[in-house]
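K.L.:
Taken in order, these protein sequences are the chains called E and A.
Residues 18 to 338 in the numbering used here are what the first sequence lists, from first letter to last.
Residues 18 to 338 in the numbering used here are what the second sequence lists, from first letter to last.
A few of these clues could be false.
Any copy will do: because identical chains look the same in the list, a pair fits if it lies in one copy or spans two.
Stated by the list, open to error - Straight-line alpha carbon distances no greater than 20 Å define the calculated EDC-like cross-link-like pairs of lysine to aspartate or glutamate that follow:
| id | residue 1 | residue 2 |
| --- | --- | --- |
| 1 | Lys-335 | Glu-238 |
| 2 | Lys-105 | Asp-292 |
| 3 | Lys-334 | Glu-238 |
For the record, the hints were derived by calculation from the structure and aren't laboratory data.
2 protein chains.
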Amino acid sequence: MNPKTLTVNVPQNTYAVLGTGALGGFYGAKLQKSGLDVHFLLHSDYKYVINHGLVIESKDGDFTLPSVNAYNEVAKMPQCDVVIVALKTTHNHLLPQMLPSVVKNDGVVLLLQNGLGIEEEVAAIVGSHRVIGGLCFLCSNKIAPGHIHHLDYGQIFVGEYASNYVPVGITDRMKKIAHDFETAGITIKFAEDLLLARWQKLVWNIPYNGLSVILNATTAELMANANTRRLVEQLMQEVVAGAKSSGRVIPQNFVQLMLDYTENMKPYRTSMKIDYDQQRPLEVEGIFGNPLRIAKANGVDLPKIDCLYQQLKFLDKKRQL
Amino acid sequence: MNPKTLTVNVPQNTYAVLGTGALGGFYGAKLQKSGLDVHFLLHSDYKYVINHGLVIESKDGDFTLPSVNAYNEVAKMPQCDVVIVALKTTHNHLLPQMLPSVVKNDGVVLLLQNGLGIEEEVAAIVGSHRVIGGLCFLCSNKIAPGHIHHLDYGQIFVGEYASNYVPVGITDRMKKIAHDFETAGITIKFAEDLLLARWQKLVWNIPYNGLSVILNATTAELMANANTRRLVEQLMQEVVAGAKSSGRVIPQNFVQLMLDYTENMKPYRTSMKIDYDQQRPLEVEGIFGNPLRIAKANGVDLPKIDCLYQQLKFLDKKRQL
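Make the full structure from the sequences, and use the hints.
P.N.:
Written out as structure tokens, the structure is:
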């Protein structure tokens with residue numbers, strides 16, 4: 018028995034990617050390139066990708082997958098061990114129809130989305146024992162059908178979901194998924210407390226995504242002006258207060274870290290600003306609405322985040338008329 | 018002795034107008050047309066107006082003043098009984114040089130400006146016994162040098178200023194000024210409590226001026242969207258809280274009145290939006306900064322107004338680069 022035979026005997030995870038865009042297309046292509054069986058759900062790019070595959074331009078090395086398992090309907094996809102949800106949360110109303118047929122009974126949904134309270138929605142569909150949350154730190158754009166440009170970063174924090182976000186530590190299936198991603202060249206970190214990780218990500222996402230759209234500004238412009246820099250920090254403190262209302266402690270040096278980190282970044286157009294500029298719907302509910310409602314239910318008002326939320330709702334609706 | 022002679026024997030107020038734009042030009046021209054002695058300070062339009070006078074297009078009737086007393090320096094102006102300050106508050110740093118020479122010892126400064134805390138600044142220059150505050154409800158634009166288009170409204174609330182905004186009721190000199198304006202066809206109402214009147218005006222000015230600039234919207238758009246309508250009302254409630262911190266009670270039906278009134282107005286571009294579109298400095302400090310600081314000094318935070326304040330400071334600075 019040689020080592021090769023041994024490897025074949027270990028069952029490999031199969032992957033489904035729902036939403037083959039800048040994020041799902043990038044991670045899915047990396048997984049397929051590493052030798053895994055990956056199935057991609059596509060919408061507008063379906064015909065192009067079934068004929069031409071996927072092209073990844075990446076700072077870590079360009080590559081092409083001339084042939085991929087592409088689908089335009091979830092019903093045609095095989096049941097998979099890991100179902101990566103890489104849709105924008107603005108499409109999450111489709112998940113109740115999509116998920117049940119594509120995730121194996123002992124499989125898991127890996128939710129690579131922004132915002133808060135999304136795991137609960139998915140748990141209501143597939144059961145809370147089949148949900149893992151993932152937070153991506155990725156700078157990537159789709160520049161043409163099936164053509165993805167990975168600019169920077171790529172790391173994912175993954176954390177098991179359990180009812181009411183009770184922390185459940187690091188499980189074997191998480192380790193197995195992490196191993197798949199690491200083998201594909203994607204850095205994985207474990208979040209032992211998924212809800213804390215979600216709130217922490219909002220410390221950055223709420224001020225910069227919101228203000229970049231409302232004020233038509235880059236992160237650098239927001240940091241260079243004394244007033245918006247102060248407002249950014251006040252918004253971050255409201256996120257800290259929201260986390261606290263959920264029983265999660267974000268230390269003050271984390272806020273300072275995010276400020277320093279952003280100050281030293283090159284001027285950056287946030288993902289919400291890119292969505293806005295491209296006239297796509299904004300993920301206002303996941304990133305702003307849900308945190309506000311969760312904090313409110315815990316008895317805490319976040320007035321400045323609420324101000325941004327209502328401004329964004331207005332802009333989002335106006336843009337789509 | 019005939020009635021004409023009698024009239025001549027009654028001393029008439031003389032008027033200076035500092036800032037001969039959409040507001041000062043309109044009111045000053047109306048006063049001169051009614052027969053009063055008016056002296057106009059001009060800046061960019063000086064040469065044009067000294068040669069061509071003022072043209073007023075008004076819904077109440079067009080008229081021309083072929084000759085006016087025009088000045089390009091305050092030092093050349095005669096001392097007047099009533100000095101109307103009709104500059105934008107963004108120019109108020111000029112008042113210490115302007116006011117002392119133009120206001121008579123027993124004269125008065127009539128401050129026709131928006132915002133809060135302006136009377137205190139002027140009182141520090143001319144003494145609190147020589148300040149009357151005025152709140153204009155006027156829709157008027159300057160459309161060319163010396164050419165003003167009065168679209169609608171025009172009423173002024175006037176109130177005596179006293180140290181710490183202690184209400185002092187209706188004085189004889191107020192009545193005399195009111196008589197001059199009424200004779201010129203301008204409706205005057207007396208504000209027995211100037212500070213209350215100032216806070217009340219902010220109930221409208223803060224939400225609509227602020228959001229119209231930040232969201233590039235008319236009043237009608239802000240009222241048609243459920244989110245911004247809610248935000249407008251929340252901002253109004255913060256103004257009510259600010260007034261309360263100054264010991265002034267704005268009744269809830271006043272808030273409702275402002276909402277209903279604006280809902281039934283035709284789509285309106287606010288004065289701050291007009292300033293922004295024309296790349297003029299915004300009156301952010303008078304309308305937002307001072308109320309915030311006054312409420313803060315009284316121990317009350319107004320977080321949503323603060324959010325708008327910082328957003329406007331950013332936009333104001335960016336626009337002027």
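K.L.:
Find the hints from earlier in the document that the structure breaks and name them by number, from lowest to highest.
P.N.:
none
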